[in-house]
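Asks: So the chains spell out like this:
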Amino acid sequence: MDNYQSLAYFWPEFILVGTAIVAILMDLHYQRAQSYKVGYWVLAGFLLAQIAIFVQPHETLTLFLDSVAFDPFGRFFKTVIILATFFILVVSPYSNELKNYRTGEYYILIAIMAFGMFLMVSALDLIMVYLSIEVVSITSFVLAGYLRKDKRSNESALKYVIYGAFSSGLMLFGLSILFGLTGTTKLFEIRSALGQLDSSANYALILSAILILAGFGYKISIVPFHFWTPDVYEGAPTTITAYLSVAPKAAGFAILIRFFHTVFTDGGALSAANWIGDTGLPWPQLLAVLSVVTMTLGNVVALQQTSVKRMLAYSSIAHAGYMLMALPLLSGEGLYAIMLYLVMYLFMNLGAFIVVIAVKNKTGEESFEAFRGLGWEMPFLGMVMMVFMFSLTGLPPTAGFIGKFYLFAAVIKAGPQFYWLAIIGVLNSVVSLYYYLRVMKMMFLEGEHKDVLTTPATMVTVVLICLAIPALVFGIFWSPVADWVNQSLMFFTQGM
Amino acid sequence: METHILSWLVWLPIVGMVAIAFIPREKSEVIKIVAAVTTGLQLWLAVMLWLRFDTTTGGMQFMEQAEWIPTFNIAYKLGVDGLSLPMVLLTPLLSFLAIFVSWNIKKAVKGYFALFLLLDTGMIGVFLSMDFFLFYVFWEVMLLPMYFLIGMWGGPQREYAAIKFFLFTLVGSVLMLIAILALYFTCGRTFDIQLLIQTAPEALDGVLWWGISAIKVIWVLLFIGFAIKVPIFPLHTWLPLAHVEAPTAISVILAGILLKMGLYGLLRINYGMLPEAVWWFVGTLAVLGLINVIWGALCALAQTDLKKMVAYSSINHMGYALLGMAAVVAAGSIHGTNIGAAQAGLSGAIFQMFNHGTIAAMLFILVGVIYDRAHHRDINGFGGLAKQMPVYAGVVAVAFFAGLGLPGLSGFISEFMCFVGAFPVFRLIVILSTLGILLNAAYFLWAYQRIFFGKLNEKYKDLPDINGRELFAVVPLAVITLILGVYPRPFLDLIKETVIVIINHVTLYGGSIGPLP
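Heads up: the protein sequence lines correspond to chains A and B, in order. Position 439, counted from 1, in the first sequence is what our numbering calls 439; the numbers after and before it change by one each time, with no gaps. Position 463, counted from 1, in the second sequence is what our numbering calls 463; the numbers after and before it change by one each time, with no gaps.
Because the hints were derived from the structure by calculation, they are not lab data. Treat the hints loosely; a few may be bogus.
[Said to hold, decoys possible] Using 16 Å as the maximum straight-line C-alpha spacing, the simulated EDC-like pairs for lysine to aspartate or glutamate come out as follows:
{"hint": "1", "chain 1": "B", "residue 1": "K107", "chain 2": "A", "residue 2": "E377"}
{"hint": "2", "chain 1": "B", "residue 1": "K110", "chain 2": "B", "residue 2": "E29"}
{"hint": "3", "chain 1": "B", "residue 1": "K216", "chain 2": "B", "residue 2": "D205"}
{"hint": "4", "chain 1": "B", "residue 1": "K107", "chain 2": "A", "residue 2": "D66"}
{"hint": "5", "chain 1": "A", "residue 1": "K99", "chain 2": "A", "residue 2": "D150"}
{"hint": "6", "chain 1": "A", "residue 1": "K151", "chain 2": "A", "residue 2": "D27"}
{"hint": "7", "chain 1": "A", "residue 1": "K37", "chain 2": "A", "residue 2": "E105"}
{"hint": "8", "chain 1": "B", "residue 1": "K110", "chain 2": "A", "residue 2": "D27"}
{"hint": "9", "chain 1": "A", "residue 1": "K159", "chain 2": "A", "residue 2": "E105"}
{"hint": "10", "chain 1": "B", "residue 1": "K106", "chain 2": "A", "residue 2": "D451"}
{"hint": "11", "chain 1": "B", "residue 1": "K387", "chain 2": "B", "residue 2": "D305"}
{"hint": "12", "chain 1": "A", "residue 1": "K37", "chain 2": "A", "residue 2": "D27"}
{"hint": "13", "chain 1": "B", "residue 1": "K496", "chain 2": "B", "residue 2": "D54"}
{"hint": "14", "chain 1": "B", "residue 1": "K387", "chain 2": "B", "residue 2": "D462"}
{"hint": "15", "chain 1": "B", "residue 1": "K216", "chain 2": "B", "residue 2": "E202"}
{"hint": "16", "chain 1": "B", "residue 1": "K106", "chain 2": "B", "residue 2": "E29"}
{"hint": "17", "chain 1": "B", "residue 1": "K387", "chain 2": "B", "residue 2": "E497"}
{"hint": "18", "chain 1": "A", "residue 1": "K362", "chain 2": "A", "residue 2": "E377"}
{"hint": "19", "chain 1": "B", "residue 1": "K107", "chain 2": "A", "residue 2": "E105"}
{"hint": "20", "chain 1": "B", "residue 1": "K110", "chain 2": "B", "residue 2": "E26"}
{"hint": "21", "chain 1": "B", "residue 1": "K110", "chain 2": "B", "residue 2": "E202"}
{"hint": "22", "chain 1": "B", "residue 1": "K110", "chain 2": "A", "residue 2": "E377"}
{"hint": "23", "chain 1": "B", "residue 1": "K106", "chain 2": "B", "residue 2": "D372"}
{"hint": "24", "chain 1": "B", "residue 1": "K107", "chain 2": "A", "residue 2": "E446"}
{"hint": "25", "chain 1": "B", "residue 1": "K459", "chain 2": "B", "residue 2": "D378"}
{"hint": "26", "chain 1": "B", "residue 1": "K308", "chain 2": "B", "residue 2": "D205"}
{"hint": "27", "chain 1": "B", "residue 1": "K106", "chain 2": "A", "residue 2": "D231"}
{"hint": "28", "chain 1": "B", "residue 1": "K106", "chain 2": "B", "residue 2": "E26"}
{"hint": "29", "chain 1": "B", "residue 1": "K27", "chain 2": "A", "residue 2": "E446"}
{"hint": "30", "chain 1": "A", "residue 1": "K450", "chain 2": "B", "residue 2": "D465"}
{"hint": "31", "chain 1": "A", "residue 1": "K360", "chain 2": "A", "residue 2": "E377"}
{"hint": "32", "chain 1": "B", "residue 1": "K107", "chain 2": "B", "residue 2": "E29"}
{"hint": "33", "chain 1": "B", "residue 1": "K110", "chain 2": "A", "residue 2": "D231"}
[What the hints assert, rightly or not] To spell it out: a stretch of chain B is covered by chain A in this simulated footprint if at least three of its residues, at any positions, have a beta carbon under 8 Å from a beta carbon of chain A; those stretches are:
{"hint": "34", "region": "138 to 149"}
{"hint": "35", "region": "400 to 410"}
{"hint": "36", "region": "447 to 461"}
Quick reminder that beta carbons are idealized off the backbone N, C-alpha and C, glycines included.
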């Protein structure tokens, strides 16, 4: 479809750009103390974008001369991103960390970042892949360092920039090798060109795939590209940490799946048969090992943390590892499980971080100590945190269990050669139980009965309820999510 | 209601839990009454179920089925047979009595009883689920309230005990999850337990994973999960700690019901779905039973903490049940088709599960009684209490005698049946296990002597005797022990047909086949 025709399908993105522009103008209008109101304009823009996604024709097309995909797969991830953004936007005005800053730009940056992620989940062109990742990265660098007066926030931004720049450099190198081998930037054409290469190109191809994987891996914090994660997550404002741990991660998985699927499999059939041609490298095993290392490192290091926020940072690495487990299978079930898991993960992980925000608002701390006896004083907070912690552990009847269940089911289905992966995966969730339970222990097992009970701000309470209910209900009745994922995957753009 | 009696049994405690959630936390008396009424109703339902239970068939009864997640073939399916009925009776009974045992709880009453009722649903759900996914959900749902009940209301080391319990059980259950999924994908994509029992033996026959028979792999994964719950040596180390640190009522539930889940799981799942592996594993099972018997008894003998002694006696008692379960192979042609022995052993094992439920519950309640008064449980720290607390001494005597397997009390019959069943096949093991009976008598009698005879400890000259509420919790259990000890027939009739079904099923797939690869 040519550029002009494509515009008709580009409404959600237009709305986001418009939102950013309106927000910039409104920011000029508001006083410093009122600047949080920009957030409401952005919120309205996101609602409009979601409506636009909803009313768009449910077709499978490629836009802008095959450089952007328009399919249910992209729509799925866009909705996930909007959902995550929505919760963050609602909670942000109630975070004490941001109280001392003018927050207009904060919301504007979030809008731009979401725009970048929209492109990321639908990129079908090497240039688009690179540009969209850069848009997301650069806005997140600024957001991570948003607390100018806080040393750790500055540190986090700087680390993020260095790692981000380095890994996107690597990725760019990988992309250019791919371009050099095939002479085109369009993913579909690359695939057919790769099919005609002989084995003399194998080393270049392997190198290129590894470098590109490094770029994507950095976005979803796979070990060994994860080193930025704990420091950035710890230093960034907690709202941004929560956002980074969900939305860009989802977008990262989307681009990883789309890229590797479009370029390195033979289209149509979702099978593991043609996993990067015959480069002679055992890719599934390699990815499986990466996944095992990622989850194990995330879990083991999370055990030793004293800050809940940092613990959650490592736990999010572990969760990336769980999701990665289903990728090497390259089966329909594997992708299905990853997407389902992302939905469940969105609710539980955002919820856990928002509880941290509420605790920090109250105690000014985010260490385990700050949680001591909190279940007795703020029973509501304790209860929802219990739901999120058990959900993150993956215990029934919570959403996290269903997510893990589908992941493990996909792995087991792939056959006995992957059983070891499943066994390591489940044992890892036992390890994770220990540190999630530490939060529960601090909240309930320590401390005393309190006569006066307190609750977080009303809006925070509402958001927490909105997150806790799906985290519980999807553990018992998840058919709607399963159907949604199923439909999104059915019309996944495989080729033209 | 008639047709949905099992659903009511499962969900009634949840109704009570929701009700408790809406009661203001100051009204602790109301909360306790709601909890008691809920479990009381559940007990009444269980008795109704028992009265309507058809003892002439070994199959599932009172089946309920509904679609849950059709895309994954997950169903909501409940059913009861002779294997689960004793447990379905025991669970509400002990829950009901445990509510009265925990009447003195002061700390966070609302939370305690709400969690207790959630635990109740989890437990009875495990025994009634006929869908493997549902079974797993209930199996895991139990862990959460148990963690908090031990961790918040337990003794000095409660936090360590709670997390140890949780981690141990979770390791077992996640391995079980892998096994469940492996069964699902190799046996025609179903979680239906009944269907899997029919199809799994055929579907897994000859399947090799890395050169090992798939049957063995799945057996081992499931076995670890269940063995941790039983607990079978050497996976038992969580038990003494958890039982000792838990509040009395929770120790009652742990010993009375949770341990039985492991045995129930082995009989229902392992014996049902992997009958061929029974023949491969049964020798190990008998040896593990022997180790449990001897090790549990020796450890109990060494304890000075009364509760710890009782906890180790549980390990010992579970050993007898394992021996009884191993006896099932006596029905095979290679062991002379001795169906009588197999029947005695398997019935003995199920009977032992029930009896240990009542006896251990009694023992833990009685330990709680003395602990509430003296605030310690050191066996050597008492003395001469028989004069001071005559009624208590009498009840403890009944419980201890039941525990050591005195003829005339129910424990004797079930242990005897286990021995009789296992003897034809595992002669040496059975002979060695009888040593356990001797050791049992030694530690129970020795403890009794130290606590109740001799000179009265001056500190305890004002100790009040057991009160009405506590007697109310113990006497029903003591009566059951006495009746079943003299006249076990009604109980054995209840399980007879199902036992035959299990024996036939296991025999069908073994005895003639060669060793598994």
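Asks: Evaluate each hint against the coordinates.
Replies: Going through the hints against the structure:
For the suggested pair K107/B and E377/A, the alpha carbons sit about 14 Å apart, so the restraint of at most 16 Å is met. Taken as a hint, the K110/B and E29/B pair is honoured in the structure, with Cα atoms around 10 Å apart against an allowance of 16 Å. With a CA separation close to 11 Å, the supplied pair K216/B and D205/B stays within the 16 Å bound. Restraint check for K107/B and D66/A: not satisfied, since their Cα atoms lie roughly 66 Å apart, outside the 16 Å limit.
Pair hint K99/A plus D150/A holds up; C-alpha atoms about 13 Å apart against a cutoff of 16 Å. The suggested pairing of K151/A with D27/A is violated, with an alpha-carbon distance near 26 Å, which exceeds 16 Å. Our distance criterion of 16 Å between C-alpha atoms is met by K37/A and E105/A, whose separation comes to about 11 Å. At most 16 Å may separate the alpha-carbon atoms for a hinted pair to count; K110/B and D27/A exceed this at roughly 49 Å.
The hinted pair formed by K159/A and E105/A fails the criterion: a straight-line CA distance of about 21 Å is larger than 16 Å. For the hint linking K106/B to D451/A, the alpha-carbon distance of about 15 Å falls within 16 Å, and the restraint holds. With a C-alpha separation of about 22 Å, the suggested pairing of K387/B with D305/B is violated against the 16 Å cut-off. Of the supplied pair hints, the one linking K37/A and D27/A holds, its CA atoms being roughly 8 Å apart against a limit of 16 Å.
Restraint check: the Cα-Cα separation between K496/B and D54/B comes to about 11 Å, which is no more than 16 Å; the hinted pair holds. Between K387/B and D462/B, the direct Cα distance comes to roughly 11 Å. Compliance with the 16 Å bound is thereby established for this hinted pair. Pair hint K216/B plus E202/B holds up; C-alpha atoms about 14 Å apart against a cutoff of 16 Å. With a CA separation close to 11 Å, the supplied pair K106/B and E29/B stays within the 16 Å bound.
Restraint check for K387/B and E497/B: not satisfied, since their Cα atoms lie roughly 48 Å apart, outside the 16 Å limit. A C-alpha spacing of about 11 Å is found between K362/A and E377/A, which places the hinted pair at or below 16 Å, so the restraint holds. Pair hint K107/B plus E105/A does not hold up; C-alpha atoms about 49 Å apart against a cutoff of 16 Å. Taken as a hint, the K110/B and E26/B pair is honoured in the structure, with Cα atoms around 9 Å apart against an allowance of 16 Å.
Our distance criterion of 16 Å between C-alpha atoms is broken by K110/B and E202/B, whose separation comes to about 50 Å. Pair hint K110/B plus E377/A holds up; C-alpha atoms about 15 Å apart against a cutoff of 16 Å. As the CA atoms of K106/B and D372/B are separated by approximately 13 Å, the hinted pair is consistent with the 16 Å bound. Between K107/B and E446/A the CA atoms are separated by roughly 13 Å; this keeps the pair inside 16 Å, and the hint holds.
Restraint check: the Cα-Cα separation between K459/B and D378/B comes to about 14 Å, which is no more than 16 Å; the hinted pair holds. Of the pairs offered as hints, the one joining K308/B and D205/B is violated, with about 44 Å between alpha carbons and a cut-off of 16 Å exceeded. The hinted pair formed by K106/B and D231/A fails the criterion: a straight-line CA distance of about 44 Å is larger than 16 Å. The straight-line distance between the Cα atoms of K106/B and E26/B is roughly 11 Å, inside the 16 Å bound, and the hint therefore holds.
Of the supplied pair hints, the one linking K27/B and E446/A is violated, its CA atoms being roughly 24 Å apart against a limit of 16 Å. For the hint pairing K450/A with D465/B, the CA-to-CA distance comes to about 35 Å; that exceeds 16 Å, so the pair is violated. At roughly 15 Å between alpha-carbon atoms, K360/A and E377/A fall within 16 Å of each other, so this suggested pair holds. For the proposed pair K107/B and E29/B, the alpha carbon gap of about 13 Å is at most 16 Å, so the pair holds.
Distance check on the hinted pair: K110/B and D231/A sit about 41 Å apart at the alpha-carbon level, beyond 16 Å; violated. Coverage of the region 138 to 149 of chain B by chain A holds [criterion: at least 3 residues with CB-CB distance below 8 Å; count 6]. Residue count for the region 400 to 410 of chain B with a Cβ under 8 Å from a Cβ of chain A: 0. That is fewer than the three needed, and the coverage hint is violated. For the region 447 to 461 of chain B, the proposed coverage by chain A is not satisfied: 0 residues have a C-beta within less than 8 Å of a C-beta in that chain, short of the threshold of three.
Checked against the numbered hints given earlier, the structure breaks hints 4, 6, 8, 9, 11, 17, 19, 21, 26, 27, 29, 30, 33, 35, 36 and satisfies all the rest.
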